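K.L.:
Model the full assembly from the supplied sequences, consistent with the hints where possible.
Chains A and B, in that order, give the protein sequences. If you count by this note's numbering, then the first sequence holds residues 1 to 262, one letter each, in order. If you count by this note's numbering, then the second sequence holds residues 263 to 568, one letter each, in order.
Mixed in with the good hints there might be a few duds.
[To be verified] Straight-line alpha carbon distances no greater than 25 Å define the calculated DMTMM-like cross-link-like pairs of lysine to aspartate or glutamate that follow: (1) Lys468(B) with Glu46(A); (2) Lys468(B) with Asp200(A); (3) Lys75(A) with Glu32(A); (4) Lys417(B) with Asp341(B); (5) Lys18(A) with Asp238(A); (6) Lys468(B) with Glu160(A); (7) Lys75(A) with Asp461(B); (8) Lys464(B) with Asp19(A); (9) Lys129(A) with Asp150(A); (10) Lys85(A) with Glu46(A); (11) Lys75(A) with Glu15(A); (12) Lys258(A) with Asp89(A); (13) Lys262(A) with Asp461(B); (14) Lys258(A) with Glu291(B); (15) Lys262(A) with Asp238(A); (16) Lys468(B) with Asp238(A); (17) Lys464(B) with Glu160(A); (18) Lys75(A) with Glu160(A); (19) Lys258(A) with Asp150(A); (20) Lys464(B) with Glu170(A); (21) Lys464(B) with Glu157(A); (22) Lys85(A) with Glu170(A); (23) Lys464(B) with Asp200(A).
In short, the hints are calculated from the structure, not lab data. Please read all numbers here as calculations on a predicted model, not as lab measurements.
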Amino acid sequence: MSVLHIDAQVVDNREVIKDHRVITCLAPDLAELARPGHFVNVLASEAASSILRKPFSIYHADPHTGLVAMLYQVKGPTTVGMAHKRAGDRIDLVGPLGGNVFEPDPRPGVHHVMVGGGYGVPPLVFLSKVLGQAAQTPQITFIVGARSKDRLLCQDELAEMGVNVRPSTEDGSHGVKGRVTDVLSEILADDVAVYCCGPDAMMRAVGAMCIASGVDCQVSLEAPMPCGIGVCMGCVVDTTDGIRVRACCEGPVFDARKVVWK
Amino acid sequence: MTHLSVKIGTLDLRNPVMTASGTFGFGVEMASIIDLNRLGAVVVKSTSREMRLGNPTPRITETPSGLLNAIGLQNGGIDNYISEKAPFLRHFNVPIIVNLVGYSVDDYVYLAQRITAAGAADALEINISCPNVKHGCDFSVDPLLTFELIDALRKATPLPLITKLSPNVTSILPIARAAIEAGTDGLALINTLLGTAIDARKRRFKLANVTGGLSGPAIKPVALRMVWQAHQAFPDIPIVGMGGITNGIDAVEFLLAGATAVAVGTATFVNPAASLGVLDGLEAYMDEYGIDDVRELIGAVKAIDD
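P.N.:
This is how it looks when you write it as structure tokens:
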């Protein structure tokens with residue numbers, strides 16, 4: 001594990017939808033090492049009473065430009081501190097973190113299906129980008145879910161990437177009315193590999209659906225991760241092997257078959 | 263040349279900065295991030311007779327200037343420590359202190375004998391005070407039980423013993439006295455303060471275990487007070503002070519209160535190299551104030567009107 005503690009320069013920080021922003025930093029070493037599924041632990045609180053780092057999955061990492069981006073929802077001391085950063089400011093990052101990241105299914109002709117909900121979408125956009133760089137452009141479907149149209153993330157970007165976008169909203173304001181599993185159920189087939197990130201309940205439902213269909217499904221779990229480097233033991237996940245493993249080191253990406261959901 | 267070395271019993275530390283048990287794993291992860299050989303000692307996670315899965319999640323939550331945890335002593339057990347963790351740690355030139363935890367005197371004696379026989383540590387920290395496990399506090403709140411335990415350990419191993427005290431008592435002094443009379447070489451204080459956190463919106467506790475141990479800067483004043491009290495009562499016993507130490511100045515404050523060494527805990531979560539930052543800060547302080555020997559600082563705090 002190669003973990004960097006970086007004082008990175010912010011180059012851009014903008015709102016993408018209400019209360020959701022993308023912060024882009026110049027961090028060449030991190031950009032070089034980052035893979036889809038990796039995260040960084042950010043120290044950005046302006047409130048002295050909030051001392052801990054908070055984890056954010058990596059949304060973009062470009063080794064050519066050295067830029068790394070995170071998409072975040074503004075809702076607590078750390079994300080409020082992040083939202084106040086302007087181009088030229090510094091941001092304190094530890095990363096890339098994660099001992100197990102998304103592993104592209106190596107089968108030729110495999111149909112990659114991303115299932116993202118809420119701010120689980122960004123690491124899957126990163127994964128889609130990396131997959132899209134292959135010599136033979138693979139088939140990628142991106143199921144993205146939210147409560148309503150105004151909460152769907154990364155819509156324009158996904159359209160530009162040329163992946164098959166399948167939105168679903170609970171209120172029916174855009175795409176399929178319902179949940180991501182309603183869309184997934186139509187797509188599941190033997191040649192599909194599923195990569196999922198979102199709220200626990202969603203990942204659990206997607207995982208169960210894939211397991212029942214015999215389809216491989218990788219889920220990226222979220223947990224409180226004060227250290228992110230494997231020493232605090234706060235982020236453990238129960239596995240079907242009967243052990244408790246650290247989401248930060250043995251994850252955050254797990255085979256859905258291995259996860260014992262709470 | 264600045265003199266940084268200190269002693270706890272027969273244990274020589276090249277400098278007074280060590281890690282706090284439970285915040286540094288078994289050194290494996292940290293070794294790829296910082297130079298372990300610069301530390302005074304590495305104190306590894308609590309080790310028990312059998313493997314422990316620890317408590318269910320959520321087992322950690324942030325509180326004002328602090329961290330509330332109820333990990334529940336998750337560890338791989340003594341066999342795993344001796345066969346896998348200790349051989350790795352022995353690649354480094356740094357004293358290893360193993361934190362022992364058990365349910366009975368027999369458990370602790372067994373662990374001490376296994377580690378002594380395997381040469382798997384340079385000293386033992388006796389955890390009589392974990393607030394997150396059932397019976398974890400029985401020893402730490404009872405001077406007679408503390409005496410019985412430390413006395414048995416004293417007879418079971420020649421390794422230096424550091425007894426880690428709980429702050430969750432009316433007075434730490436009777437417990438400290440019992441440990442000293444039984445032959446402990448040093449005291450470590452404080453362990454975490456028992457607390458809880460509630461989510462008003464959900465009307466639920468934030469921890470699955472309901473209660474947890476509070477650490478971080480929030481507890482520093484309590485820790486400093488207890489170190490000072492223990493040093494006043496027992497000026498000859500070395501104390502490893504801990505509780506919210508984040509930088510070199512914090513470490514100096516603990517030394518002034520009477521600690522011989524300090525341990526860095528929660529700060530390591532925020533900054534993986536925090537322990538080395540504390541050491542650098544301590545040296546910078548000594549340079550600035552012309553302190554040649556770190557031992558000049560121990561217990562040197564004065565009253566405001568002195």
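K.L.:
Could you tell me which of the numbered hints above are not met by this structure, giving the numbers in increasing order?
P.N.:
Numbers 3, 5, 6, 12, 17, 18, 19, 21, 22 - these are the hints that the structure violates, sorted from lowest upward.
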